[in-house]
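*Asks:* Below, each chain spelled out in residue letters.
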Amino acid sequence: MKNVLAWIRRHVNLGYIAAVAVSIAAALLIDAVILLAAGHNPVAAYRELIVYPFSTAAHFGNMLEYAMVLCLCGLACVVGSRVGIFNVGGEGQLLLGGLVAAFVGSRMSGMSLWIVIPCAALAAMATGGLYAFIPGVLKVKLKVNEVITTIMLNSVAAFVCSFFATSVWKNTRFNEGIDVSEFRFATLIPGSKLSTAIIGSALITFFVWYILQKTSKGYEMRLIGDNPRFARFAGLKTDRIVIAAMVVSGMMCGLCGMFRVYGAEKAFISTRVSNEYYFEGLMVAMIAQYQPIPTIVISIIFAILKSGAMGMQSVGVTIQIYWVMQATVIFCMAAQSGVMTAIRKAGERRAAQRDVAARKEGGAAHE
Amino acid sequence: MTDEIRFEHISMEFPGVLANDDISLSIRNGEVFALVGENGAGKSTLMNILYGINTPTAGSLYVRGEKVTEFSPKAAIDRGIGMVHQHFMLVPSFTVAQNIVLGREPKAANVLFDNKKAEQLTRELVAEYGLEVDPSAEVRDISVGLQQRVEILKTLYRGADILILDEPTAVLTPQETDELFEVIRRIVREKQMTVIIITHKLYEVMAISDRVGVMRQGRLIGVKNTCDVTERELASMMVGRPVLFDQLEKTGEPGDVAIEVDDLYVSDNRGLPAVRGVSLSVKQGEVLGIAAIEGNGQSELLEAITGMRKANRGTVKICGRDATGKTPGEIRAMGLSHVPEDRLSTGVDRAASVADNLLTGRHKEKRFNLFGFHQRRSSVERYAEELYEKFDIRGAGIRTEVGSMSGGNMQKVVVAREFSFDTPVLIISQPTRGVDVGAMEFFHTRIIEKRNAGAAILLSSADLDEVFRLSDRIITLYEGRITGEFRADAITKEQIGLYMTGTGEGAKA
Chain A
0 MKNVLAWIRR
10 HVNLGYIAAV
20 AVSIAAALLI
30 DAVILLAAGH
40 NPVAAYRELI
50 VYPFSTAAHF
60 GNMLEYAMVL
70 CLCGLACVVG
80 SRVGIFNVGG
90 EGQLLLGGLV
100 AAFVGSRMSG
110 MSLWIVIPCA
120 ALAAMATGGL
130 YAFIPGVLKV
140 KLKVNEVITT
150 IMLNSVAAFV
160 CSFFATSVWK
170 NTRFNEGIDV
180 SEFRFATLIP
190 GSKLSTAIIG
200 SALITFFVWY
210 ILQKTSKGYE
220 MRLIGDNPRF
230 ARFAGLKTDR
240 IVIAAMVVSG
250 MMCGLCGMFR
260 VYGAEKAFIS
270 TRVSNEYYFE
280 GLMVAMIAQY
290 QPIPTIVISI
300 IFAILKSGAM
310 GMQSVGVTIQ
320 IYWVMQATVI
330 FCMAAQSGVM
340 TAIRKAGERR
350 AAQRDVAARK
360 EGGAAHE
Chain B
0 MTDEIRFEHI
10 SMEFPGVLAN
20 DDISLSIRNG
30 EVFALVGENG
40 AGKSTLMNIL
50 YGINTPTAGS
60 LYVRGEKVTE
70 FSPKAAIDRG
80 IGMVHQHFML
90 VPSFTVAQNI
100 VLGREPKAAN
110 VLFDNKKAEQ
120 LTRELVAEYG
130 LEVDPSAEVR
140 DISVGLQQRV
150 EILKTLYRGA
160 DILILDEPTA
170 VLTPQETDEL
180 FEVIRRIVRE
190 KQMTVIIITH
200 KLYEVMAISD
210 RVGVMRQGRL
220 IGVKNTCDVT
230 ERELASMMVG
240 RPVLFDQLEK
250 TGEPGDVAIE
260 VDDLYVSDNR
270 GLPAVRGVSL
280 SVKQGEVLGI
290 AAIEGNGQSE
300 LLEAITGMRK
310 ANRGTVKICG
320 RDATGKTPGE
330 IRAMGLSHVP
340 EDRLSTGVDR
350 AASVADNLLT
360 GRHKEKRFNL
370 FGFHQRRSSV
380 ERYAEELYEK
390 FDIRGAGIRT
400 EVGSMSGGNM
410 QKVVVAREFS
420 FDTPVLIISQ
430 PTRGVDVGAM
440 EFFHTRIIEK
450 RNAGAAILLS
460 SADLDEVFRL
470 SDRIITLYEG
480 RITGEFRADA
490 ITKEQIGLYM
500 TGTGEGAKA
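For the protein sequence lines, the chains are A and B, in the order given. Each residue of the first sequence is one higher than the last, beginning at 0 in numbering that gives the first Met the number 0. Each residue of the second sequence is one higher than the last, beginning at 0 in numbering that gives the first Met the number 0.
Hints should not be assumed to be uniformly reliable.
[Unchecked claim] Keeping only pairs whose Cα atoms sit at most 20 Å apart, straight-line, the calculated PhoX-like set for lysine-lysine is:
(1) B:316 x B:282
(2) B:309 x A:236
(3) B:309 x A:140
(4) B:200 x B:223
(5) B:363 x A:236
(6) B:282 x A:236
(7) A:213 x B:316
(8) B:365 x A:236
(9) B:365 x A:213
(10) B:249 x B:282
(11) A:142 x B:309
(12) A:236 x A:216
(13) A:142 x A:236
(14) A:216 x B:363
(15) B:325 x A:140
(16) B:200 x A:216
(17) B:309 x B:325
[Stated by the list, open to error] Derived DEER-like restraints, expressed as beta-carbon distance ranges:
(18) A:110 x B:332: 17 to 25 Å
(19) B:110 x A:21: 31 to 39 Å
(20) A:212 x B:66: 20 to 28 Å
[Stated by the list, open to error] Some residues of chain B that are not near chain A, with every Cβ distance over 10 Å (derived):
(21) 24
(22) 107
(23) 181
(24) 216
(25) 309
(26) 329
(27) 337
(28) 363
(29) 391
(30) 488
These are computed hints drawn from the structure, not numbers from a lab. Predicted model, so just to flag it, every value in this text is computed and none were measured. Glycine is no exception: its CB is placed at the ideal position from the N, C-alpha and C atoms.
Put together the whole structure using the sequences plus the hints.
*Replies:* This is the structure we're talking about:
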């Protein structure tokens, strides 16, 4: 028992968990005022917020599916930021990955699921990876700011996707859509969007965590992200590793798009495959300070909030109010790191003062 | 002489550190007082209290018999205290006069800056104190020695009669140091000023000060009349044990040439030529020292040799293999290790632990990897623990973040890693910058050990004493060219100083 406690203390940053909890509580308090001003009962609203995601199996499934998307996107961002490159283009990589995966599926009609799904996954990863390779190479070889290039490539991807899904690759009678319902992942919770794709996501999540935290490659990536000059000085092949990380980040996004198409939506319709989900994942990664395990945890918290928003709508809270709430939660969580530093400093100051006092008393006793 | 400044039982506590521990000290009117001690001994903290940057946790400070109640630089300046920091606080694009009056500018019509008046005031100051400097020159165009003079004039302009100089000679050539000392003597003699000088260099203490105070670990160990002590005694007081300075025994004969640089041209960050046609060679078992004032191409030269910077022309050979245009990793593989000039930006990953920093470069070795990819933390930590002991790194252990360590210990991490590679070629830049006397002795011993074991060492240091102590041969660099090459035992520091400023005989050619 004692060993367990000691292990927890060494490996779990309890202070960080407390700080996140406090920041969420602070956000909820602020939002309570907003809810009151809007004429709602905050207690009832919050009850729905918490209960709704767990109220039915379908709600729970949808919540988990969303957490999976956030987690994959968040970790994709973490992989890039670990080597000091900020992939803001995940949205485009995700959409293009989903599009190409859907195209592959739609052209392999009649074949075995066991061939089509891997083919679609590979196609999605290749597309996402390639689409991230472009800004990666530009950054490394020509020092082109990756934030600008990736954001611009997002727009390109969005328009390319809606073009192909509404015209040449369309295979439904609707305005837009590439139907792949023939080959979808098995649904895990009936009535929800949760499919076996979450098993793939869990494997990827574990894999990313393992590479970043436990291997020599992860070690090299950390050095490059912390101090690229030092990494080069020490003889690491920094250029190659940075490009590789960016490509892996893009591959994860592409695969996430494929999961959306073959797991949740059963078709490619750009606005449904991703509604700026990557940017929410990016937010998750930032709040988690680009650490893998906090990214997983905060993905789930965000998914609960998002799902709970639907519940609040059922008691009359409009979606706009929810957006305000979401923003305050993000704000408070982002502010959390600064607040934590301040608290730690105050603690150190108090300890120092106690030390002086103790020393003086000790000195007096000597005399 | 009367007491100008009196510290009574001053203590200063920072979180976790007692920087000043019950210090009582009197400094007399019209004397030059030297304050010496290792890094982190508390000298700067004590002077920052005098200058009002720190408020002491306990004790009192008296200036001219008056108890100080308000601690702020502004109040200190009003009391006539001036401080020249190690890193100058000048605006490079302003003229000398503009810098001097900054903060108390003469105004025309009460609003506009009066440049003529400023220059006139500067000229008056220059005449009064005999500190020659051109008021209308831009600060970025004048030498470091003159910039320091501007800093001193700035404090005089504000009416200082107590002057604190924090490591003033760290950036000066021997000639500039002599001039500075001349200035100090003059202002003390003619203007009755009190000067406190913080320094590492003990021969300077002997040269300039009337009395000397030694600090160690936050305590004042002793105050002596300078004429009553020797350098060796002071060094022992600082470190707390006898310092064996002259036991560097150089043995062995030079072997084959291991570093060969031929007609090398390198540009600096702005694209301007920094190294212009340098050729040199270093043999195994030999230390070649580079003596140069900062900014004369030595940094760019070493960076080009180690692959951190591209050369425009010329070749570099390491152990007989062509290293020109190769990456730092490829050059390291040829048998080179490198202690870089700036350890913070280049030598370490500050956010990583000591263990991770010691591992870099060896992290692909089999013993640290299971199946070739899984990092074996236990082996890593065992290895780090070994180096930590061997190089006498002091701190909170191998899991500490390197960024939280003192400069000396951080440097030990760098040296421990680089020396552990046991390469035939070592490029060492500023090995002891900001490092205390005890650690300096340690580094010097290690460098000579490497030399005696047959390493070819190229050394660059702003500290001329260091260059002299360690080198077999010395080259002087001035504006990117070699102006002279000497056997270390066949030349004096003063002569070298001339070549470093391009005025030696070699420069005429």
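*Asks:* Taking the hints in turn, state whether each one holds.
*Replies:* Verification of the supplied hints:
1. A threshold of 20 Å between alpha carbons decides the hint, and for residue 316 (chain B) with residue 282 (chain B) the separation of about 12 Å falls inside it, so the pair holds.
2. For the hint linking residue 309 (chain B) to residue 236 (chain A), the alpha-carbon distance of about 16 Å falls within 20 Å, and the restraint holds.
3. Distance restraint check for residue 309 (chain B) and residue 140 (chain A): the Cα-Cα separation of roughly 15 Å lies within the 20 Å cut-off, and the hinted pair is therefore satisfied.
4. Simply put, residue 200 (chain B) and residue 223 (chain B) have alpha-carbon atoms about 16 Å apart, close enough for the 20 Å limit, and the pair holds.
5. A threshold of 20 Å between alpha carbons decides the hint, and for residue 363 (chain B) with residue 236 (chain A) the separation of about 13 Å falls inside it, so the pair holds.
6. At most 20 Å may separate the alpha-carbon atoms for a hinted pair to count; residue 282 (chain B) and residue 236 (chain A) exceed this at roughly 30 Å.
7. At roughly 38 Å between alpha-carbon atoms, residue 213 (chain A) and residue 316 (chain B) are farther apart than 20 Å, so this suggested pair is violated.
8. For the proposed pair residue 365 (chain B) and residue 236 (chain A), the alpha carbon gap of about 19 Å is at most 20 Å, so the pair holds.
9. Restraint check for residue 365 (chain B) and residue 213 (chain A): satisfied, since their Cα atoms lie roughly 15 Å apart, inside the 20 Å limit.
10. Between the alpha carbons of residue 249 (chain B) and residue 282 (chain B) the distance comes to roughly 14 Å, so the proposed pair stays at or under 20 Å and holds.
11. For the hint pairing residue 142 (chain A) with residue 309 (chain B), the CA-to-CA distance comes to about 17 Å; that is within 20 Å, so the pair holds.
12. Among the hinted pairs, residue 236 (chain A) with residue 216 (chain A) is consistent with the structure: their alpha-carbon atoms are about 11 Å apart, no more than 20 Å.
13. The hinted pair formed by residue 142 (chain A) and residue 236 (chain A) meets the criterion: a straight-line CA distance of about 16 Å does not exceed 20 Å.
14. The hinted pair formed by residue 216 (chain A) and residue 363 (chain B) meets the criterion: a straight-line CA distance of about 9 Å does not exceed 20 Å.
15. About 16 Å separates the Cα atoms of residue 325 (chain B) and residue 140 (chain A), which keeps this hinted pair within 20 Å; it holds.
16. In summary, the hint linking residue 200 (chain B) to residue 216 (chain A) is not supported, as the alpha carbons are separated by about 45 Å, beyond the 20 Å threshold.
17. Between the alpha carbons of residue 309 (chain B) and residue 325 (chain B) the distance comes to roughly 9 Å, so the proposed pair stays at or under 20 Å and holds.
18. Distance hint for residue 110 (chain A) and residue 332 (chain B): a CB-CB separation of about 50 Å, inconsistent with the stated range 17 to 25 Å.
19. The hint said 31 to 39 Å for the Cβ distance between residue 110 (chain B) and residue 21 (chain A), and at roughly 50 Å that hint is violated.
20. Evaluation of the 20 to 28 Å hint for residue 212 (chain A) and residue 66 (chain B) yields a failure: the beta carbon distance comes to about 57 Å.
21. At roughly 19 Å from the closest C-beta of chain A, the C-beta of residue 24 (chain B) stays outside 10 Å, upholding its exclusion from the interface.
22. Distance check for residue 107 (chain B) against chain A: the nearest CB is about 45 Å away, which clears 10 Å, and the non-interface claim stands.
23. No Cβ of chain A comes within 10 Å of the Cβ of residue 181 (chain B); the nearest lies about 41 Å off, and the non-interface call holds.
24. For residue 216 (chain B), the shortest C-beta to C-beta distance to chain A comes to about 15 Å, beyond the 10 Å cut-off, and the non-interface label holds.
25. Distance check on residue 309 (chain B): its Cβ is at least 13 Å (rounded) from any Cβ of chain A, clearing the 10 Å threshold; non-interface status holds.
26. Against chain A, the non-interface label of residue 329 (chain B) is violated: not every CB pair exceeds 10 Å, the least being about 8 Å.
27. For residue 337 (chain B), the shortest C-beta to C-beta distance to chain A comes to about 7 Å, within the 10 Å cut-off, and the non-interface label is violated.
28. Under the 10 Å C-beta cut-off, the non-interface status given to residue 363 (chain B) relative to chain A is violated; the minimum distance is some 6 Å.
29. Distance check on residue 391 (chain B): its Cβ is at least 23 Å (rounded) from any Cβ of chain A, clearing the 10 Å threshold; non-interface status holds.
30. Every beta carbon of chain A lies more than 10 Å from that of residue 488 (chain B), the smallest distance being close to 34 Å; the non-interface claim holds.
Violated hints, in rising order: 6, 7, 16, 18, 19, 20, 26, 27 and 28; the structure is consistent with all others.
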